[in-house]
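Undergrad: Following the hints, put chain U in place on chain X, whose structure we already have.
Spelled out from the first residue to the last, the chains are:
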Amino acid sequence: MKQKILFLILSLLVPLNASAKLKVVTTISDLAALTQEIGGEFVEVKSIARGDQDPHYLEPKPSYAVLLSRADLLIEVGLQLETGWLPVLLTQSRNPKVQFGQPGHLSAAEGVAILEIPTGRIDRSMGDIHPEGNPHYWLNPQNGLVIASQIAQRLAQIDSAHAFDYQNNYRQFESRLKHKISEWEKKLVALKGKKIITHHKSFSYFVDWAGLQVMGLIEPKPGIPPSPGHILSLINLIEKEKIPLVITENYYDPKPSQKLAAKTGIKVLILPTSVGGEGDIKTYSELFDALIQRLAEVL
Amino acid sequence: MNALLFLLPAFCACVVLTGIHTYLGIHVIRRGVIFVDIALAQIAALGMTIAFVFGFEPESQISYFFALGFTFLGALFFAFVRNERLHQEAIIGISFATASALSILLADKIPHGSEHLKYILSGNILWVSWPVIIKTAIIYFLLGIFHYTVRHKLMLVSTKPEEAKRRGMKIHLWDLLFYLSFGLVITSSVQIGGILLVFAFLIVPASCAILFYDRLKSLIFFGWTIGLLTSIVSIAASYWYDLPTGPTIVTLFGIALIFCFVVKKIVR
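As given, the protein sequences belong to chains X and U, one line each in that order. Sequential numbering from 1 applies to the first sequence in our numbering. Sequential numbering from 1 applies to the second sequence in our numbering.
Chain X with its partners taken away, still in its complex shape:
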């Protein structure tokens, strides 16, 4: 009872929104950007995580639950990326529309070719392993097309009045992005086969698409400091293979890559992994523009 009253008071604090726009909440900013492209003027999109936050871990805030409680559609990355915080928020939101399995709940991973699905035995000793595969699939623009098409279908299903607009927006977005992809792929030809080190595996999809070769990881298990044997073998590998670049996700500690650079002279690039990861990246395309330009400058 007490909780119900509290909830009532909380919901009264939230100003009533008279507009009939479909309220979409996404877990990460990239999904929000894609939804905005497809939904246009008929949707109001908010992302829970900012683009500069590590989507694996979020400090829970009351505003997130309020956001979810008023949503018509929740879009998540899935593959257990949000497993640390989303289930609790969903329970707290008490919104039947966006619970798992409902039409108002979309896991954008459906239809995407997932990388790094572990085979054989899986246990906690392997660090924060994702048993369903690497969840950072939005970092391949080809997957962006798949995700956008998923979003378009789902929007059309819940808001059938504007189904035509969503399909139309999707087709326009598809042709724009395909055009961009062919531009990017031309620029990437020069980078094909270049050897790099990455901090962790957030860039697997990007690297796979761009044709770069990942020779090693600085922290194979994020949060657990690498052992001396691992670092020493990395140093020797960098020297032997003359690896020119290490890239670090901008939400990880830059210290290890900077120290590695001090020891070996390897260049360090700290890159965003999401829309909004840096101030001037506002759309899905701008994210790839930035990534490719920054890589081309140093490789």
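Everything labelled a hint here was simulated from the structure, so no lab data went into it. Bear in mind the structure is a predicted one, so any value in this text is a computation, not a measurement. Keep in mind that the hints are not guaranteed to be accurate.
Going by beta-carbon spacing under 10 Å, a handful of chain U positions derived as facing chain X [claimed, not checked]:
1) 6
2) 10
3) 59
4) 110
5) 116
6) 118
7) 122
8) 243
9) 248
Beta carbons: idealized from backbone N, C-alpha and C, even for Gly.
TA: Relative to chain X, chain U alone:
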């Protein structure tokens, strides 16, 4: 690069840490302010977070001076809130909790805030570089000279404050000197080894020594021996068994203390 050359900086950093922390640890245990280093480190981290809010990167000089400034404020606070009715450890605990909470509140407002916060207090002794080791060694050596010259007075204030007061010593002033030099050491050490490692270097060698000895000289030399032996064994073990170095050192320090307890029982 061969393994010995690669592990040498980490070992030298351990030597530098053992040197000053064993001595400071004896004071900390005698005063009963075991967690003062964690509180001061957290206060330093708060300073760095505030510097970050103003746009100064954690690696920059200005950020370091923010950390140092906040640590000194903390030292001032600890020195002047000595109170007969309230145990010093309570005040230290409250300072730790408040500084942590404030940092989280601030970090929520800045890009990569919470991630940034996690890393201020983590260090990896394997990444330590020669210039840092030399710089730290010089700072600690100078502080060591200072502490050597005032060792009798400072020890009296730490162990028997009433006696010191009777002799007309200004307790608050000596406390301030102690916490200031302590804060300076902690701010530098945490950057090298991370908070867990620094805590182990501070408390364990001193604790082992206190089991066996009373005189300051014996305490220090025994503490140094324990500290150095454990460091060598830990670094070698972390290499051979492919384990993260910092946590290996801390774990073996814990085992070293148990070993000392056992030896003490048997010798008796």
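Undergrad: Hints first: check each against the structure and report whether it holds.
TA: Status of each hint after checking the structure:
1. 6: Check passed: Cβ of residue 6 (chain U) comes within 5 Å of chain X, closer than 10 Å.
2. 10: Holds: closest Cβ of chain X sits about 8 Å from residue 10 (chain U), inside 10 Å.
3. 59: Nearest chain X Cβ about 8 Å off; hint holds.
4. 110: holds, 9 Å
5. 116: Residue 116 (chain U) check passes; min Cβ-Cβ to chain X is 8 Å, inside 10 Å.
6. 118: Holds, because the Cβ-Cβ distance from residue 118 (chain U) to chain X comes to roughly 8 Å (cut-off 10 Å).
7. 122: holds, 7 Å
8. 243: holds, 6 Å
9. 248: At 9 Å from the nearest chain X Cβ, residue 248 (chain U) passes the 10 Å test, so the hint holds.
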